[in-house]
Every structure is written in structure tokens, then in C-alpha cells.
Amino acid sequence: MAKQTLPESQVGVVSYPREVAAARPWSLAALRRRLATWLEDERVLFVLLVAPTLLILVAFLAIPFFWGVWLSVSDKVVGRPGAFVGLQNFFTILDSSIFRRTVQNTFVYTGIATIFKLVLGMALALLLNRHFRFNRLLRASMLLPWIVPTVLSTLAWLWIFDATYSVLNWILREIGLARLLWQLGIAPSPRGFVWLGTPGLAMGSVIAVNVWRGFPFFAITLLAGLQTIDPELHEAAEIDGAGGWARFWYITLPLLRPILTVVLLFSIIVTFADFQLVYVLTRGGPHNSTHLFATLAYQVGVISGKLGQGAAISLFMFPVLLLAVILQLRYIRRET
Amino acid sequence: MAVRQRGWKKFFGFYLPLLGFTVFTLFPFYWMFITSIKPDQHLYNLRISPFWTTRPTLEHYQFLFQRTLFGHWLLNTLLVAVVSTAISLFCGILAGYALARLRFRWAGTLGTAIFITYLVPQTLLFIPLTGVVDFFHLLDTPWALIFTYPTFLIPFCTWLLMGYFKAIPRELEEYARIDGATRLQAMRKIVLPVAIPGILSAGIFAFTLSWNEFLYALVFLSSPQTKTIPVGVVSELMRGDVLFWGPLMAGALLGSVPVALIYSFFVEHYVAGLTGAVKG
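Chains Z and C, in that order, are what the protein sequence lines are. According to our numbering, the first sequence is numbered sequentially starting from 1. According to our numbering, the second sequence is numbered sequentially starting from 1.
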């Protein structure tokens, strides 16, 4: 709409007649009138409306980002000002075997967990897309792992994986599998596994919990996508003799691709930068076999107080995250 | 998909997988619950079946409220979640409206920038952010969280509400303006009421996100009585080598119930927020 299409007398608060305002140019009424006119300017209003958002994002996002870049090239530790040390921190980190292990862990964790979340999420979405009793109830309760506080539900998993009282081991013992696995040399004792105390198994357990928490998100968003697909497409294909698998591959999957890509990239970002699961379940152990970038950064930057090195470890995530964000942006732009 | 299947095929292809998903998804919650009501002598007895208890007790809940600061943590979490959600909704409504409706040279750039901040994980910036929060003398106060949670809530609210505002016909506003309303009046009286479902979705989603946040609360808060539930339960109840699983599970369950309740009342809004947040 063009600016100032209204007669001036109608702009703003009509209860302040012109004469009054003109007689006392600095009266409250005149100021309010002036403000009202001013607010009709789209540019002024725009700046005013986005100002609170910008203020918060600059203070607590942009400034910390640049402060983090500075920290990463300084030798700052808690309680002492830091000095510029160039790329020293990055070299120290790259030299450490713990960090190299962390890089490997993070990619394994993100890769495997994402594949499982995608497959299970898709399967559940396809199941929930059918008509059956209690569909709505089931759909709602399936999202529970995703909505409750992650650390709290992870505590339940910590208890499920307990070294002595693990319910998984209890089941294995009851059905006689624990003894068999022990005799085959797979389990370390007839009492079952030490889920979180064995390097490979610990990573597997952490991934399982991540999948448990994340796959409902895939399922619900993919279900929303499935519901937009016209059933007539499937009926037509069925008449043409296409089987269930062919219809999934040539109709469902291509039509789901937009939402699938967005969800996938979103999930990769979150999984890659994960912290809570590992912090509660293993704190990065045993022998650093489950450390991720974020838990290592916490360990070095907060627990050991080496802020410079901690900030540098966090920043190592930046290139991968940036790539994911750029892909996401390009994809959304193309869609809209 | 109206595929008709009968008998065993439907059982193995449909009901069994569905049952598997249900057990996998809900078992940890059942486990939390049953652990929280078992007396200790049953909890740590390997000879009896762990799946139910013959002597349910509320002693762990009693312990939680009488011997720990759980009540404080509950109030802190509520305060932080409510205030940070209110701030984020306020900022998100204004910014979302501006980006969806007003013509401005950098509107597109700003929209993109806000979308990017939406994708910044907390783990990227928590160390330098601690320095910034310390600079404002906010460490170990609820304000540390109230001011920092909006960094991930506002982008989400803005992005979600932009979609709702764009869907409202411009004509509605223009009629109001012809009748003499100012832009702000038109926004408050015409656009906002129509966008209420979107505002509700954004608010519910933002509330649960801030209720669930862990890392910032872990790093910014140090004294036991200022903590939120996730941090309080994990750091204060997990001291030493011996863990008291009864109170731990009672705390985990009670900390999950408020979000689960809100969610169950507003499932459709929540899912709209979820899918809206992804689609943008």
C-alpha cells in the first residue's frame, strides 16, 4: 500500500484535534500525533519492530560468536586474561589423540543414528498413515520421547543400562541367553553385558538412545508429508499393476523428498552438535570412546577451565554446521 | 493407502511392527514410573521380577520434596520457561509481522539471518556465551537463562509466525486502514486475532523447548537453589558413586509430566508448530 493514502486529519489518533496540537507544538498531544505519523512510515515501523529481536540476537549470539573466535586464538583460562597465541590451540587440539577419536566418534554417531532414525521414522509414518482404532492416541504417544526433557528420559536409559541392575541383562538371564552369549565369548560374564562400560557397546547404547529420542520427529513430520499425497495416485498406479514396493519407490518417496531433505538436514545438525545424551550416559567414556565435539569442548573448556582450547574445539563443528545450513537454505529457497 | 490385508499377513506386516514401536517408545516411561514407586528392598533385589511391585510406595517422592531442593527447581524452571517464552513471543510477533508485511530493503537478508540463527546449536557458542553472561553479571541467576533462551526461541517463533502472517489476506488490514486505523492498530486488532493458532503453537513449542533446555542451565548456574529441574536432578541427585534410583526416577517423571500434560492438551498445535518449524 502506498504511503499516506489517507487524508492527514485521519491519520493516527483522531481524538486530538489539529488546532490544539498546532497551538502548542510541544504538548503531549502534538508529540503523539507526530509519533503516529512517523509510525506510518514502513521503514521506521520495520526498524522498530525488529529492534528487540536484533538486540537480543546481537548481544547473545553475534557477540558470543566473535568472542568465541577471539577465545580460540588466545590462551585464556578461567580467572586470568588471555593473550593472543595465533593458531596454537588448533594445532594442540589436532595433535591430541583424544580429539582425533572425538572426530571419528562424532561422524560415526551422526551417520549411524541418522540412518536408523530415517528408516524407523519412515516405517512408523507409513504404519500410522493407515486407518485403525486408537490411531490418534498412538500417534500422540509416539512423540513423547521427543517432547520430554532429554536429560530426564536419558536418566531412565542410564538406569536401563545400569551395570548391576540392568533390566536388559535381567531379560537376557531369564530367557537363558546371557549364559549362552557368555559361553560363546560374546558377553563378558553370565550376568550379561556392561552396556556403558565397554567401548563399542557404549557407542551402540548411546546411538540407540539417540534413535529412540529422534525417530518420532522423523515419523511425525514424514506423516504430515504423507498425508498431502493424493491417494488417487496410488490407486492409479495399483490399477497399472504396481506393487506396494514400487509405489513406495516411485510415488511416495519422490513426493516426500522436499520434506525429507529438510528434516534430514535439520536432524544432522542437531545430532552432530549433540551433548546431553553423552553427558548423562557416559561423560565421553569409557576411554573417550563416546566423546563428541560438544562433550569434549565442555570437558576441556568448562571442567578444566581452558576456555581458549574449549572454544576452539566447539569451532571445529562450524564448517560442517555451515555446510548443512547452506544446503538447507538453498533447498528452502528453491522450494518457495 | 487402502490396502486390504487379512490374517497373518496383516499381523506380521502391521500389528507386530506397531506393537514393537509402542513398546520401544514407551517402555522407558513405564520404567521410570515403576522404579519411582518401588521400595528400595525390591529395587535392589535381583531375584524378583523387576517389572512390577507388590508394595507400591511414595517414599521416593517424599524424599524428593523434603530432602532435596526439587520444589525450588520446579519453580525456577517454570519462571524461566514462562518469562523467556513471553519475551520470545513478543519479539517473534513483532519481527514476524515486519518480515511478512512491511517493505524494507534488507527484509530478505534479515529473514535469512534469522533462519540461520535458528539452526545454530547451543553447543557451538556456550563457552564464549558464558563470558558474555558474566560480563552482564547475570551468572547464577535466572536472568542468565531468561535472556539467552530467546536466542533459540525468537528465531523459531519469528519463522513460524511469518508463515501465519503471510497467509492472512492483506485486504483485511487495508479495509481497517481505510476505516482510519493506524498500522499498529490494524496489526493488533485484525492480524493478531487471526494469527492466534500460530501464536499458540509458537508459545507451546517455545515453552517446552525452554523447559527442556540443559546445556546453558548446566554452565550458567552453580548454586543448588538456582538450578532448573533437568540440571538439578542430574547434578544434585547424582552425587557420589551410589545413585538413589528411586528419587532419581521420581524426579525424572515429575520433570517430564508438565510438558507431557501441555502437549496432550495441545497435540494438534504442537504438531503444527513442529512441522511448521521444519517447513519454515
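No lab work stands behind these hints, which were simulated from the structure alone. Check the hints yourself; a few may be wrong.
Said to hold, decoys possible - Some chain C residues near chain Z, calculated using beta-carbon distances under 8 Å: (1) 11; (2) 14; (3) 19; (4) 23; (5) 26; (6) 32; (7) 66; (8) 90; (9) 110; (10) 124; (11) 184; (12) 219; (13) 233; (14) 234; (15) 255; (16) 274.
These numbers come from a predicted model, not from an experiment. Heads up, the beta-carbon is just placed ideally off N, CA and C, and yes, glycines get one too.
Closer than 8 Å between Cβ atoms is the bar; does residue 11 (chain C) clear it against chain Z? Give me holds or violated. This hint is violated: residue 11 (chain C) lies away from chain Z, its Cβ roughly 13 Å from the closest one there, beyond 8 Å.
With chain Z as the partner, please determine if residue 14 (chain C) meets the hint condition of a C-beta pair closer than 8 Å. holds (7 Å)
Against chain Z, is residue 110 (chain C) within 8 Å by beta-carbon distance? holds (7 Å)
Answer holds if the nearest beta-carbon of chain Z is closer than 8 Å to that of residue 219 (chain C); otherwise answer violated. holds (6 Å)
Quick one, is the residue 233 (chain C) hint okay against chain Z at 8 Å, beta carbons? holds (7 Å)
Would you check whether residue 32 (chain C) satisfies its interface hint, that is, whether its CB is within less than 8 Å of any CB in chain Z? holds (5 Å)
Taking 8 Å as the limit, does the beta-carbon of residue 66 (chain C) come near enough to a beta-carbon in chain Z? violated (21 Å)
Min Cβ distance, residue 184 (chain C) to chain Z: is it shorter than 8 Å? holds (6 Å)
Hold the hint about residue 19 (chain C) up to the distance rule: shortest CB distance to chain Z must be less than 8 Å. violated (10 Å)
Taking the least C-beta to C-beta distance, is residue 124 (chain C) closer than 8 Å to chain Z? Cβ of residue 124 (chain C) sits 6 Å from chain Z, so the hint holds.
Hint check: 8 Å Cβ-Cβ cutoff, residue 23 (chain C) to chain Z: Violated: closest Cβ of chain Z sits about 11 Å from residue 23 (chain C), beyond 8 Å.
Hint check: is the beta carbon of residue 255 (chain C) less than 8 Å from a beta carbon of chain Z? holds (5 Å)
Violated hints, listed in ascending order, are 1, 3, 4 and 7; each of the other numbered hints is respected by the structure.
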